Amino acid sequence: MYCLTHTVTGGMTAGRLSNPIAAFLGGVISHLILDAIPHHDYKKTGWGVFDLILALGVLLFALWRPELFPSSFVWGALGGALPDLEVVIRHISGKDIPQFFPSHNRLTPHTPLAWPAGFWVQVAVVAAAAGFWYFF
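According to the working numbering, the stretch in the sequence shown is residues 40 to 175, in order.
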């Protein structure tokens, strides 16, 4: 999934927890769950940079407007996004570095879905997370 999807979903689901450690771990768990849903992953570095900028924008906005986003939102968002750091490091280095996160090393499912269907799945996931944030 895109970093933006992991960031927003981790923040909106785990961000409802009052404990920052629990929110961070909840974000990591949300990453594992989301990677099991068939989705689109981009292949070009430019899209990755754009995605990262959008995700950082969400985090900065949450930090800028704490009256709208509790600190646990930021912790859940970080937990949701950080597992992909190993993918970024592997891509940038160009080396076959072992990956440890279960959905990245194929210990758990990580099913691709072609564009545009895989994109729309992520839109639906973010919409569901927003509904969770709003109603619960």
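It is possible that some hints are incorrect.
[Said to hold, decoys possible] Pairwise CB distance ranges (calculated): (1) LYS82 - ASN144: 26 to 36 Å; (2) PHE100 - ASP135: 32 to 42 Å; (3) LEU95 - GLY133: 21 to 31 Å; (4) LEU152 - ASN58: 32 to 42 Å; (5) PHE100 - LEU64: 38 to 48 Å; (6) VAL88 - VAL162: 34 to 44 Å; (7) ILE136 - PHE158: 19 to 29 Å; (8) ALA61 - ILE92: 20 to 30 Å; (9) ALA61 - LEU93: 33 to 43 Å; (10) PRO77 - PHE139: 42 to 52 Å; (11) ILE68 - PRO151: 35 to 45 Å; (12) GLY133 - PHE175: 40 to 50 Å.
Don't read these hints as lab results, they were simulated from the structure. Bear in mind that the values here come from a model prediction, so they are computed numbers and not experimental data. Note that the Cβ used here is the ideal one computed from N, Cα and C, for glycine as well.
Starting from the range 32 to 42 Å, see whether the pair PHE100 and ASP135 falls in it by beta-carbon distance. For PHE100 and ASP135 the Cβ distance comes to about 36 Å; the hint holds.
Should the hint that LEU95 and GLY133 are 21 to 31 Å apart at their CB atoms be regarded as holding? 24 Å, holds
Satisfaction of the hinted span 38 to 48 Å by the C-beta atoms belonging to PHE100 and LEU64: 23 Å, violated
Given a hinted range of 33 to 43 Å, is it respected by the beta-carbon distance of ALA61 and LEU93? Check failed, 26 Å falls outside 33 to 43 Å.
Cβ separation of ILE68 and PRO151, checked against the hinted range 35 to 45 Å: 21 Å, violated
Could one say that the CB atoms of PRO77 and PHE139 fall in the range 42 to 52 Å? 23 Å, violated
Is it true that the C-beta distance of LEU152 to ASN58 lies inside 32 to 42 Å, as the hint says? For LEU152 and ASN58 the Cβ distance comes to about 34 Å; the hint holds.
Hint check for PHE175 and GLY133 - Cβ pair distance inside 40 to 50 Å: Holds, since GLY133 and PHE175 (Cβ atoms, about 43 Å apart) stay within the stated range.
Is it true that the C-beta distance of ILE136 to PHE158 lies inside 19 to 29 Å, as the hint says? 27 Å, holds
Outcome of range test on Cβ distance (VAL88, VAL162; 34 to 44 Å): Given range 34 to 44 Å: violated, Cβ gap about 21 Å.
Pairwise beta carbon distance, ALA61 to ILE92, judged against the given window 20 to 30 Å: 28 Å, holds
Confirm or reject the claim that LYS82 and ASN144 have a C-beta distance inside 26 to 36 Å. Given range 26 to 36 Å: violated, Cβ gap about 19 Å.
Going down the numbered hints, you'll see the structure goes against 1, 5, 6, 9, 10 and 11, while the others check out.
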